[in-house]
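Asks: Given next are the chains, with one letter for each unit.
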Amino acid sequence: MAGMSGRFSTVVKAKINKLLDKAEDPGETLDYSYQAQLQNLQNVKKGIADVVTAKKRLQMQAEKLEQSVVKLDTQARQALGAGKEDLARMALERKTVAQTELQTLDTQIAELEDQQSKLTESEQRLRTKVEAFRTKKEVIKAQYNAAEAQVRISEAATGVGEEMADVGLAMQRAVDKTEQMRARAGAVEELEAAGTFDDITQLGSGEDDIDRQLRELGASGQVDDELAKMKAELGTGGAPQGELGEGKAGA
Amino acid sequence: MIVRIMGEGQFRIDDSDRDNLNELDNAAVAASEGGDETAFLKTFAALLDHVREVGTRMADDELEGSDVLFPPADTTFAEAQHEFTGDGLIPD
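Heads up: the protein sequence lines correspond to chains E and A, in order. Just so we're aligned, residue 53 is where the first sequence starts under my numbering, counting upward by one. Just so we're aligned, residue 112 is where the second sequence starts under my numbering, counting upward by one.
Honestly, I wouldn't trust all of these hints.
Unchecked claim - Using C-beta positions, here's what the derived DEER-type ranges look like: (1) E:TYR86 with A:ASP178: 24 to 30 Å; (2) A:GLU190 with E:ASP250: 38 to 44 Å; (3) E:LEU243 with A:ARG123: 51 to 57 Å; (4) E:ALA239 with A:MET112: 43 to 49 Å; (5) E:GLN87 with A:GLU173: 20 to 26 Å; (6) A:ALA156 with E:ALA198: 46 to 52 Å; (7) E:GLU285 with A:ASP160: 47 to 53 Å.
Unchecked claim - Residues of chain E clear of chain A, computed beta-carbon distances all greater than 10 Å: (8) LEU93; (9) MET112; (10) ALA201; (11) THR210; (12) ARG225; (13) GLN232; (14) ALA235; (15) GLY273.
What the hints assert, rightly or not - Here are the simulated DSSO-like cross-link-like pairs (lysine-lysine), alpha carbons at most 30 Å apart as the crow flies: (16) E:LYS116 with A:LYS153; (17) E:LYS193 with E:LYS70; (18) E:LYS108 with A:LYS153; (19) E:LYS229 with A:LYS153; (20) E:LYS98 with A:LYS153; (21) E:LYS70 with E:LYS281; (22) E:LYS107 with E:LYS70; (23) E:LYS281 with E:LYS123; (24) E:LYS67 with E:LYS98.
If you are wondering where the hints come from, they were derived from the structure by calculation, not from laboratory data. Every residue, glycine too, gets a C-beta built ideally from N, C-alpha and C.
Just chain E, with the same shape it has in the complex (with noise of 0.2 Å):
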């Protein structure tokens, strides 16, 4: 077949024919072939785990830039109730950032979630065959002469060998998504580090480097629009206090 599955299938074809590299006696290939198969078993399993930890560090990020958002949402409340609308103002612009933050986190959980579960059916798929392997193994170790074994295990393992191809691809993308998540947890956390997300009660008096970027960033008109809604809600929203909801201040 031409086309997509022709190139392919030479490809992947010559790279398990690699896998397999077989020994001249069929007993040795045998056992040669189940042995490579269990290590392939034992690197999927790490892969899993490697998958598992970058996702953990994700999680516990999200976790605490979710705990960022509730307080700099409290404390922006907090100071603008005090009448310190800069204060507030500074606040919001974190959380804004935060809040940011933590939907590419959420994102990137569920792509690593999805690695994850990917990679297990692998596994899974890759453990049945080998355990019919190593059945058929001794089957054909009992019942063949050396020649008729020699095809009956190339027929068996080509079916593991693709297995394990296959398994080797699944095995790449999620180890390329994993490095992604890796450079993005970093990221973060230096982000975190430079006090991006810090309370308003650890800034010292001033105006400085993060509050300067993080007025441009929250230029957007998002962190106008939600102190407006704060303000309307804390019933400050400039006009004296009292007359709001009763629509009739500047009529």
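Guided by the hints, dock chain A onto chain E, whose structure is given.
Replies: Just chain A now, kept in the frame of chain E:
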């Protein structure tokens, strides 16, 4: 004929379906070579759907090699293009 979709497993397909598969396969390749991402994603999905639809899934403990192998369903456009020109998807 035995067909494997990488990441999903093997399917047994009647040999009489070979022309259908070829046609769908060529459409996916044409889209990829033509640089049309939307068309590629659509034709490639149609190809794999066809395999799943007409094929009978093989048991995990069957030890047969496949006649044809397809890249995984989440193959991106960039990966597909690389596949035709570069080192392919499978690591050495």
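Asks: Each hint: holds or not?
Replies: Here's how the hints hold up against the structure:
The hinted window of 24 to 30 Å between E:TYR86 and A:ASP178 holds, with their beta carbons roughly 25 Å apart. Look at A:GLU190 against E:ASP250: about 41 Å separates their beta carbons, and that is inside 38 to 44 Å. A hinted range of 51 to 57 Å holds for the C-beta pair E:LEU243 and A:ARG123, which are about 52 Å apart. The beta-carbon spacing between E:ALA239 and A:MET112, approximately 48 Å, falls within the hinted interval of 43 to 49 Å.
Between E:GLN87 and A:GLU173 the beta carbon distance is about 22 Å. The supplied range of 20 to 26 Å therefore holds. Distance hint for A:ALA156 and E:ALA198: a CB-CB separation of about 47 Å, consistent with the stated range 46 to 52 Å. Between E:GLU285 and A:ASP160 the beta carbons are some 51 Å apart, a value that agrees with the proposed interval 47 to 53 Å. Every Cβ of chain A is farther than 10 Å from the Cβ of E:LEU93; the closest lies at roughly 14 Å, confirming the non-interface assignment.
Taking the minimum C-beta to C-beta distance to chain A, about 27 Å, the non-interface status of E:MET112 holds against the 10 Å cut. Residue placement check: E:ALA201 keeps its beta carbon more than 10 Å from all beta carbons of chain A (closest about 15 Å). Not every CB of chain A lies more than 10 Å from the CB of E:THR210, the least distance being 4 Å, so the non-interface label is violated. Some Cβ of chain A comes within 10 Å of the Cβ of E:ARG225; the nearest lies about 7 Å off, and the non-interface call is violated.
At roughly 13 Å from the closest C-beta of chain A, the C-beta of E:GLN232 stays outside 10 Å, upholding its exclusion from the interface. Residue placement check: E:ALA235 keeps its beta carbon more than 10 Å from all beta carbons of chain A (closest about 19 Å). The claim that E:GLY273 lies off the interface holds: its Cβ sits roughly 33 Å from the closest Cβ of chain A, which is beyond the 10 Å cut-off. Of the pairs offered as hints, the one joining E:LYS116 and A:LYS153 is violated, with about 40 Å between alpha carbons and a cut-off of 30 Å exceeded.
The hinted pair formed by E:LYS193 and E:LYS70 meets the criterion: a straight-line CA distance of about 23 Å does not exceed 30 Å. For a cut-off of 30 Å, the pair hint linking E:LYS108 to A:LYS153 is broken: about 35 Å separates their Cα positions. Restraint check for E:LYS229 and A:LYS153: satisfied, since their Cα atoms lie roughly 24 Å apart, inside the 30 Å limit. Between E:LYS98 and A:LYS153, the direct Cα distance comes to roughly 35 Å. Violation of the 30 Å bound is thereby established for this hinted pair.
Of the supplied pair hints, the one linking E:LYS70 and E:LYS281 is violated, its CA atoms being roughly 65 Å apart against a limit of 30 Å. With a CA separation close to 33 Å, the supplied pair E:LYS107 and E:LYS70 exceeds the 30 Å bound. For a cut-off of 30 Å, the pair hint linking E:LYS281 to E:LYS123 stands: about 18 Å separates their Cα positions. For the hint linking E:LYS67 to E:LYS98, the alpha-carbon distance of about 22 Å falls within 30 Å, and the restraint holds.
Of the numbered hints stated above, those contradicted by the structure are hints 11, 12, 16, 18, 20, 21, 22, listed in ascending order.
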